[in-house]
Structure formats: structure tokens, C-alpha cells
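Participant: Listed below are the residues making up each chain.
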Amino acid sequence: MSEIDAKLLIVDDNEGVRHLVSRWLERAGFTVQEAKDGAEAVDMVKKDPPDIILADIRMPKIDGIELARIIKNEYPKIKIILMTAYSSPQTIAQARREGVDDYLEKPFTKDQVERITLEVLSAG
Amino acid sequence: MDIKEGLPSGVEEKGRHKPMGSLLPLLVAIIVLLVAGIIAVSAVLSSPLSIVVGGILGACLIALMIYLVLEWWHFREQNKGYIDEITDLNLRFGILADAVSAVSSTLDLEELVANILGVMLTLTNSAIGVVLVPDDSLNYLHVLSHRGFQEKAVRGLKISVGKGAVGKAFQSGQTVIRKNLPEDPRAVETYSEGKSPRSQIIMPLKAKGQMVGMAVTASFEEHEYKVDEVALLSSLCHELAVAMINVDLYQQSQKTLEWLADTQEYTEHFIQEMLAGVAVINNEGDVIYFNHEAANILGIEPKEVIGVNYNDLVEEREKFKSLSFLKPIFRLCMEEERAFRRHEMAIDGPNGRRCTINFNAFPLHRAKGERMGAAVVFMDVSAIKEMESRLRQQDHLSILGQMAAKIAHEVKNPLFAIIGLADELGEEEAVPDRKYLLEMIKQEATLSNQWISGMLSFSKSPFPVGEEAAFILQSSVPELITDFLRSHEQDNVKVVRDFEEGLPPVMMSRDNMRHILFNLLENSMQAMPDGGVITVRAHDTGNGFVEMRVEDTGTGIRAEILPSVFEPFFTTKEGGTGLGLAIVQKILLDIGGDIDVRSQQDLGTTIILKLPSRGVSHERD
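From first to last, the protein sequence lines stand for chains A and B.
Heads up: the first sequence begins at -10 in our numbering, then just goes up one per residue.
Heads up: the second sequence begins at 675 in our numbering, then just goes up one per residue.
Ranges of calculated distance between the beta carbons of each label pair, as one might list FRET restraints:
hint: 1; chain 1: A; residue 1: 4; chain 2: B; residue 2: 1264; range: 36 to 42 Å
hint: 2; chain 1: A; residue 1: 59; chain 2: B; residue 2: 1125; range: 35 to 41 Å
hint: 3; chain 1: B; residue 1: 1266; chain 2: A; residue 2: 59; range: 33 to 39 Å
hint: 4; chain 1: B; residue 1: 1166; chain 2: A; residue 2: 4; range: 52 to 58 Å
Worth flagging that the hints you see were computed from the coordinates, not collected in a lab.
Keep in mind the model is a prediction, meaning the values are calculated, not measured.
A virtual CB, placed ideally from N, CA and C, is assigned to each residue, including glycine.
Between the sequences and the hints, there should be enough to build the whole structure, so can you do that?
Facilitator: Below you can see the structure in the form of C-alpha cells.
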């Protein structure tokens, strides 16, 4: 399994989801960190900015959209993919306005998340 | 009127005359005897002596006649004053009688004043006269009636109160007699005869302590205003003032009556035109008002109801069926003095339509409290009720949507983890039995996920605002029907299309139309287990909507459950979710359309869709 030179931060309040997605992407060769909500993610980004963040939309304290706004404002180079179990088209549209690079609807497969992450990273 | 008041008093005491009643018969007897003597002598005797005797008798006769004439002359001279007085009295009685008759026979102020003024002029032997009345502010007097003036001299004339002889007299309320008046330099343009008046009497028109105007008469000659004459004039003026006040009161009461009549007319007009049904009964219980709106709501002509007693408004009388709800209301108003405010009840409206009526009802009373009938004011609130129920339903849908979204997230998220983790474990598991169990976990979780996704379509907005697409029914609906039949083929069911030409495009996505059409076609098919025909029709309503109908010849929907078919989770089907028509309705309401259903048991069901269209129909060839 080839190493990919990219640091990845997974943000989800559901431990199972966090663990599953980390596992998939670590196996794909990413260096993965985990945060359990938006606030923790912001702290972690300050200490060690990743190349890409995969965050759930619905989270306590700072949700995915708010997180995207903060990150894109301070670290415009960090890519963001939002994950959602269910979101209205209006939420998706708002996410796009905040500069979110792509989104994934749960349930997704290992292949899907790997492909989209690579696509977003290679989009420059 | 106290006639005596205006007359010279003490007529009885003025006995200056010498009666000649005792002498007269004697003298007449002497004359008769003399004449008889002459005739007798002439007839019996024809001698010269008879001529002498006749001559003597004749001379006596002549002397006697002369005496009589002289005596009469003397008597007349002696009693001249008395006779004149009698004649004058007669005249005055006549004048007053005329005046009284004028006062009592007319309520036309100008005519009345003109009449009395005429009498005053005759009485004072005057040619000029005027009656003036004050304006509302009591600052000016203006001419009400006149004689002997040139029209242009009095038209618009205003005399200031307190100024000039007349103005001052009005202020003081005193009668003023003016004699030896100076020559008026403007006499030619002022008076009809062009002459200047020499004497004048100015009299207040006063009654019940109220000054109502002034009367002035003037004479071209020096006129001696005698005490009796002034008394009579003052009496006339008093009568005129009383009459003027009466006329004013009469006119005011006439105005009040007119106002009342107008008010009644307004009220009737108002009741007729108001957008609420009004039914009024009198104290006998007969309908006396039944306005247009009442007629509209209850589907009966007012003339068929007016005059009918409320006790006869019964269901058994077919034409009064829709009015039968009024009977118990009127009965409670009349018998128990009950009043109803904003009550609501369901009634059988015209054409068997069930209506919801909102009404106020109350007994009617006169100012004194005596009852004069009862009224019911009602409105057909069926449409509002329906709207309310739809809004409530939409509200339910919205809450349901929010709940579903929350559930979706909270359940789908762990399900995703379960599916993914089971999959991970399954990939690494070598023991077939354990691998199978992990596969079962994955399958069950996937099923749950699918079920939730299905329910989610209900809370999901059909498409974001601003992304409406023009959808051409003519070309797309046949494709959708074909798609549907591919998966739902049923040999004994035929689907027929009947589309108007040149339909405008409707504003909705193809996915939504597909969802709606599939849902309706599936319902129709299920309603026709023994086969039948589904007809899909569409026509332009011309007011921005295309009406599309899906009709079937199936079992129909029972009347009692018809109002519930759009309610979420309402279902009659085994294993049905009860969300089919609720979702269809939600989609339509979200895009600004609407849905309605009509059904008759054993005859079939028609679903009517109102689809918003852009613009008008295409011109037909």
C-alpha cells in the first residue's frame, strides 16, 4: 500500500463513523487524525494544519458548515469535504457558498471516499 | 289665537246712539192711513171738495215723508261713529279670519309670509311691505318676502342687526312707528312705484320669547297708525311668528323623517349588499329580511323566503332544507332570548354540499326594550375551514419533515458506521458462519437505512427554490406512463390520455411529476383489481394553471374517509405507509399547485391536480 503525502483530519461526533472512515483512509495511505467535534478540530488545525478535512455536517458546538467557514477564512488552502447522513438541498447549497470542496452522502463506501478525497486533493 | 286681543275693546260700553225703534211703527201707520184716505176720497167723491181733501192729505203725506227723511238723516249722523266701528270690526274680523286661515292652511313658509304680509298691507293701507328673518348667526337680517320693492333692490340685501331703524328694532324687540319720512334719493331704483314712502311701521315677529324676524309696512301717504290698528298688527305679527316657528319645527321634523327614511334605506342597502347572510324575522316569526348573500349561501331566492314563518323552515320541505338550521336558532332567540356569538355548525348546503356556517344570532329589541324579532347573521366558512385544515396538515407535514430529518441523521449516521464496520469485519473474517452473520448485520442495517431514506423523501423539499423547470406535459407524460406500465403492467387496465392542444409548460421537475404520476396511477390500478380504464386528462384553466385529472373506474373511496386521504400515515391498504398522497399533496403545495379528490363508491375516483404553468397557452393552429 503506497503512502500518500497528505495529512487528513476526520471530524465526526459519532465514534463509529470516525473510526470507520479513519481506518479506510489510513489503509489508503493517508496520515489521519481524528477530532470529535468542530471546536476540537479548530484547535487541532491551529497546532498542525492538515491538507484536507472530512467533517460531518451535523455536530454539536461548531457544525460542519461553521467549521468550513472558519477554516476557509483562516486557511484557504485546506480542502474540505463534508459528510452528511441527511441534508436538505438548501444546506448543501449553503455549504458550497462557504467554499466546501465536495460532499459525501452517508452511507458511502471505502472506494467512494477514497476517490473523492483524491479528486479534491488533486484539484489544486 | 285670541281674537279679542287684537280688537278695539269696550264695544258694548260705547252706547252713544238713540234708538228710533218706538217711533217708527207709528209713523208708518200714519203714512198708511194717509195713503188709504187719499185713495178712498178719490174713489168715492169726484167733487171739487174731494180734490181739496185729497190735496190736504197729499200735503200731509209729503210733510210726513220729509220728516221721516230728516229724522233718518239725523239718526245716521248721530250714530255715524258706531256704524263705522261696526263696519271696521267686520273688516278686521274678516282680515283676522283670513290670516288665521292662512296660518293654519299652509306649511309653506314663503307662501304663509306673503299672505300675512298682504293682510298687513291692506290693514295699514300700505303699498310697501317686507318681512325679514335673521341668519343663523343672528348678525344679519335678510328678506323673506316683500311687496312694492324692485326685486334687484332686495335680492341679497343684508341688514346688520343693531344698525338702522329695522336692525335696531330687531335688537330691542320694540314696535317703531316712523312718520314724515325724508325723501329717499334712491326711491326710483328701490320701489316699484318709484315713490318715496312717507310713513312706516316696524314690528318685531316674536313668539314664545323668540325673535324670528321683523315685519315692516310703509305707505306713500302720511298714515295715522291708530292704537287699535297697531294692536291688530301686533296680534298678526305674533300669529305670524308662531306660524314661522311651527313651520320651522315642521320642516325640521320633515328633515328628521327624511333622514330616518334615508337611514332605513341605507340600512336596507347595507344589509342587502353586505358579504354575510342576513335573515331577520319579525315578532310574529315571519321572515322580513333575507339578503343576497343569504340567498347565495343557501341557494334559494329571497322572494321564496320572505314572509315565511321560521317554524316552517323545516327539512321536510325540500326547498327549505338548507334553511332548516335557522329554525332552532330563531326559536332560542325568540323563546329564550338567547344570543349566539361566533357559533359554528355544519349544515346541508345547496346541492347536497356540506357547509360550515359561522353565525351570530340575537333577539332584536326596540329602544324601550320591547322585542321586535330576531336576526341571524351568517357566513359560509367552508373554504376557510378547508384551508385551515390544509394548513394544519402542512404544519404536521413540516413538523414531520423536521422530525424525519433529525431521525435520519441520528439513525443513519450509526447505521452507516454499523454497515461499514460489519463490512470491514466481514472482509477480514475467515470463518464462513461468522462471515455470514456479519453479512446479515450489514443487510439488516442496510434495510433500515433504506426505510429511513424512503421516509425522508417525504421531508425533503421536492426541489430547491429557483430550480423550477418548465415541464411539457404533452411529450413527457406519455413517456412517464410508458415507464410506469413497464413495471406495473396489468392486462385488464387501460390507460387513456386526453390532452388539450397547446398546453403551456408547467413549472415542476420531471422527477416530481414522475413521483406524482406513479403514485396516482398505482393507486388507481390498485382500486381496479378487476380491470378498468384510467384516463389522464389535462387542460389549461386560463388563469395560470393547467388542470390535470387522473380518473379511474375503480372501487372509489368511501365518503366518510374521503377528507382524510391526504393526511400523512392515513392508509386503508395492508402494509401501506399512508404517505403516498400526503407526499403528492406536499409536492404540489410546495410548487404552488393544489390537489383535490372526488370519488363515488363503485364508480371510481378522480384526482384533480392544479399545476402552475408559465405564461399562456400556445396559439393553436
